[in-house]
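Participant: Below are the chains, spelled out letter by letter.
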Amino acid sequence: MATFFGEVVVAPSRAGLDEEEEAREETPEDREIRRELEKKREIDVLWTLKSGASTESSADEPFVCSKFIVAIGHNAAAFLSSFILDSVCWEVVGVVKLWNEWCRTSNTTNVLPTDSFCLFYRLISDPTVLLCQCSCYVAEDQQFQWLEKVFGRMQKEDLQVTILSTCPVADYKTQESTLTLPSPFLKALKTKEFKEQVCCPLLEQPNIVRDLPAAVLSYCQVWQIPAVLYQCYTDVIKLDTVTIEAFKPLLSSKILKSLVKDVSESTKILKKLLTTNETHNNIYI
Amino acid sequence: MTKVGYFYTDCLVPMVGNNPYATGEENSLELSINAEVYSLPSKRLVVLQIRSPFIKNKYRPFCQTLLSWVKSSKCARVVLLSSSHAYQRDDEQLLGTPLRYLLTPDLEKAVGGLIKELNWKEMEKVAAYPGINDTEKVLHIPGGGITKMLFTESCSKGVQMAVLLKFCSEGDNIPDAFALVNYLNEWLQLIKSESNNSTDTSSQWKIPSSWRLLFGNGLPPALF
Chain A
132 MATFFGEVVV
142 APSRAGLDEE
152 EEAREETPED
162 REIRRELEKK
172 REIDVLWTLK
182 SGASTESSAD
192 EPFVCSKFIV
202 AIGHNAAAFL
212 SSFILDSVCW
222 EVVGVVKLWN
232 EWCRTSNTTN
242 VLPTDSFCLF
252 YRLISDPTVL
262 LCQCSCYVAE
272 DQQFQWLEKV
282 FGRMQKEDLQ
292 VTILSTCPVA
302 DYKTQESTLT
312 LPSPFLKALK
322 TKEFKEQVCC
332 PLLEQPNIVR
342 DLPAAVLSYC
352 QVWQIPAVLY
362 QCYTDVIKLD
372 TVTIEAFKPL
382 LSSKILKSLV
392 KDVSESTKIL
402 KKLLTTNETH
412 NNIYI
Chain B
2 MTKVGYFYTD
12 CLVPMVGNNP
22 YATGEENSLE
32 LSINAEVYSL
42 PSKRLVVLQI
52 RSPFIKNKYR
62 PFCQTLLSWV
72 KSSKCARVVL
82 LSSSHAYQRD
92 DEQLLGTPLR
102 YLLTPDLEKA
112 VGGLIKELNW
122 KEMEKVAAYP
132 GINDTEKVLH
142 IPGGGITKML
152 FTESCSKGVQ
162 MAVLLKFCSE
172 GDNIPDAFAL
182 VNYLNEWLQL
192 IKSESNNSTD
202 TSSQWKIPSS
212 WRLLFGNGLP
222 PALF
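Top line first, the protein sequences correspond to chains A and B. Be aware that the first sequence starts at 132, since it is given in my numbering, and climbs by one per residue. Be aware that the second sequence starts at 2, since it is given in my numbering, and climbs by one per residue.
Here chain A stands alone, though its shape is the one from the complex:
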C-alpha cells in the first residue's frame, strides 16, 4: 500500500468495492444493523395536494404533470427562488423527509432559505406545472428511492423534465487549463426524446455528471421522458450571485419563458437571499 507523507492510503478497489466489504461474510447481527439503518435512511415524500391534508405518497392516484423543473443544490434552488417562484402564483404541494450523514430534513414546509430542504411547488394557474427545489444532500443509496417516490406519483405522458444543478469547475475536463475558463458557465445534457432547442453548448466527452442530477436524467432516458439537464460549472461552492445569474440564459428557454416573474423584484429577492445567508455564516454575530 502506498504511503505518501507518512499516512496510510487505502487503495480503492479496481472494481468499485471496498476490500473490507469483499472479504467479510455477513453475520445475522450485521444484517439486522443494516436493515435498521436502511429503515432509518428511507426517504418519505409527503404530498399535500388535497386542501392541506397530507397523504402518503404511494396511496393516491398519480397526478398529471406537463412540466417538471428540478433545481438541485443551493445555487440552482436560489435561482428558482429569485426568478420564478413567488407565494402568489405557487403553492407548496410536497416535501421530502430524509435522514443521512450530511443532512436531516423534516416534514415542515416552513423553511429558511439557508436550511437544507427539498420542496415541491405547483403553479396555481396551471396545476400541471411542478417545480422542485432540492438543496439538501440526497445520499447515493437514497437517490433511487427519491426517483421512485417522486416520479411514481406522476403521469409520465407528455411530461417534460428540466434539471438545474451546479458543480465545481475543477471537475470539468478540457484540453485547456481550467484557470483560463470563463467560469461560471453552463453545459447541457439531454435525453434522446428531448427535441427542443438547448440554450447552451452540450457537455463534451469525457465529461460526466454524477449524483441526483445524473439519477434523474438516467431515469428519464430509460423511461423515454424528454429531459434536459443544465449543469453550471462554477468556482464558488456556496451561494453566490454570479453563479445564480449564470442560469439566466435559461429564462428565455421555451419551458421557463412563461414562468418568469418581474425581474426588478428578482434582483431584490436575490440580494435578500444572500444577506440572510451571510448573516448565518458570520461567526461574529
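Don't take every hint at face value.
To be verified - Simulated crosslink set (DMTMM-like; lysine to aspartate or glutamate; CA at most 25 angstroms straight-line): (1) B:Lys167 to B:Asp107; (2) B:Lys59 to A:Glu157; (3) A:Lys304 to B:Asp107; (4) A:Lys323 to B:Glu27; (5) B:Lys126 to B:Glu171; (6) A:Lys280 to A:Asp257; (7) B:Lys167 to B:Glu109; (8) A:Lys323 to B:Glu31; (9) B:Lys57 to A:Asp161; (10) B:Lys149 to B:Glu109; (11) A:Lys318 to B:Glu31; (12) B:Lys158 to A:Glu156; (13) B:Lys72 to B:Glu109; (14) B:Lys57 to A:Glu156; (15) A:Lys388 to A:Asp217; (16) A:Lys170 to B:Asp11; (17) B:Lys4 to A:Asp342; (18) B:Lys149 to B:Glu137; (19) A:Lys171 to A:Glu324; (20) A:Lys323 to B:Asp11; (21) B:Lys4 to B:Glu26.
Claimed, not checked - Away from chain B, derived, C-beta distances all over 12 angstroms, residues of chain A: (22) Ile255; (23) Lys287; (24) Leu320; (25) Val367.
Stated by the list, open to error - Label-pair distances were calculated between CB atoms; the ranges are: (26) B:Lys193 to A:Lys369: 20 to 28 angstroms; (27) B:Thr24 to A:Pro299: 25 to 33 angstroms; (28) B:Val5 to A:Gln306: 28 to 36 angstroms.
Keep in mind that the hints were calculated from the coordinates and are not lab data. Note that CB positions come from ideal geometry on N, CA and C, so glycine has one too.
Place chain B on chain A using the hints.
Facilitator: Coordinates of chain B only, in the frame set by chain A:
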C-alpha cells in the same frame, strides 16, 4: 456494436455523459448511463458494460440480478473481464504472464481442451492461512470487486462462466485494456489479425473518445 438497452438498477452509483464511443459530430450527442447493453448479432455476442461503482451494501443484490438476467435472456456462456491488484500477487503469480483465467465446472467440460491448447495460466489459489497451514487453498481476487462472488455463484448455479483477468497497477490502464482484449481475442477470435503474428492485434483496436484527457486538463499557460 449497437446499443440495445440499459441495465437499470438501484445498485450502481448514477452517472450520465454523452456517447463514450463517439466517432464524430453526428453520434456524439447520445446520452449514456451507468450500465448499458450492446449487441453484435453476427457474432452472437452481447456486452454489458458497467461504468460506475456499487452503492454500499448493494453488490450482493446486483450479483443476483445479473445472474438471473443472464439466465432469463438465455445467454449460453458468460465471459467476465476483470482485474486484480498487481501488488498483492504471491511469488508464484509474479512469474510469467500477468494474465489469468478461471472456468466454472460446466464450462470446463465444454471448452477445457481448447483452453489447454492456448497454453493459458489458470488463476492460482492462495493459502487460506499463509505460514500456518499451506494445504487449505482458497480463491482470492483482491481488488476484483464482485468477480469472486459472481464466479462462485456461477459455479454453484451451473452457469457457464469464464473469468479473464489481468494483474494491474493503478495509473494508466490503457495498455492493460489492450492486453486483456487481446487475451480474449486469442480465445474467441473476434477480430482476425492482419499480420501473421497472432498476438499483435493492438493496432486494430479503436480507442474510444471517452479515454481522452486521462491525465487531466491542459496546463495554465502562465506556467511557461
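Participant: For each hint, tell me whether it holds in the structure or not.
Facilitator: Verification of the supplied hints:
1. B:Lys167 to B:Asp107: holds, 23 angstroms
2. B:Lys59 to A:Glu157: holds, 13 angstroms
3. A:Lys304 to B:Asp107: violated, 45 angstroms
4. A:Lys323 to B:Glu27: Distance ~13 angstroms between Lys323 of chain A and Glu27 of chain B Cα, so the pair holds.
5. B:Lys126 to B:Glu171: Distance of about 23 angstroms is within 25 angstroms: holds.
6. A:Lys280 to A:Asp257: holds, 22 angstroms
7. B:Lys167 to B:Glu109: holds, 20 angstroms
8. A:Lys323 to B:Glu31: Satisfied, since the Cα-Cα distance of roughly 7 angstroms is no more than 25 angstroms.
9. B:Lys57 to A:Asp161: OK: Lys57 of chain B and Asp161 of chain A at ~14 angstroms, within 25 angstroms.
10. B:Lys149 to B:Glu109: Given pair Lys149 of chain B, Glu109 of chain B holds - Cα atoms ~17 angstroms apart, limit 25 angstroms.
11. A:Lys318 to B:Glu31: Status holds; Cα separation ~15 angstroms.
12. B:Lys158 to A:Glu156: Since the Cα atoms of Lys158 of chain B and Glu156 of chain A sit roughly 19 angstroms apart, the hinted pair holds (cutoff 25 angstroms).
13. B:Lys72 to B:Glu109: Measuring from Cα to Cα gives roughly 19 angstroms; hence the hint holds.
14. B:Lys57 to A:Glu156: holds, 15 angstroms
15. A:Lys388 to A:Asp217: holds, 15 angstroms
16. A:Lys170 to B:Asp11: holds, 16 angstroms
17. B:Lys4 to A:Asp342: holds, 23 angstroms
18. B:Lys149 to B:Glu137: Holds. Lys149 of chain B to Glu137 of chain B sits at ~18 angstroms (cutoff 25 angstroms).
19. A:Lys171 to A:Glu324: violated, 37 angstroms
20. A:Lys323 to B:Asp11: holds, 22 angstroms
21. B:Lys4 to B:Glu26: holds, 18 angstroms
22. Ile255: Check passes; 33 angstroms lies beyond 12 angstroms.
23. Lys287: At roughly 15 angstroms from the nearest Cβ of chain B, Lys287 of chain A sits farther out than 12 angstroms, so the non-interface label holds.
24. Leu320: At roughly 6 angstroms from the nearest Cβ of chain B, Leu320 of chain A sits no farther out than 12 angstroms, so the non-interface label is violated.
25. Val367: holds, 19 angstroms
26. B:Lys193 to A:Lys369: 20 to 28 angstroms: Once the Cβ atoms are compared, 58 angstroms apart, the range 20 to 28 angstroms for Lys369 of chain A and Lys193 of chain B is violated.
27. B:Thr24 to A:Pro299: 25 to 33 angstroms: holds, 30 angstroms
28. B:Val5 to A:Gln306: 28 to 36 angstroms: holds, 33 angstroms
When the structure is compared with the earlier hints, violations turn up for hints 3, 19, 24 and 26 and for no others.
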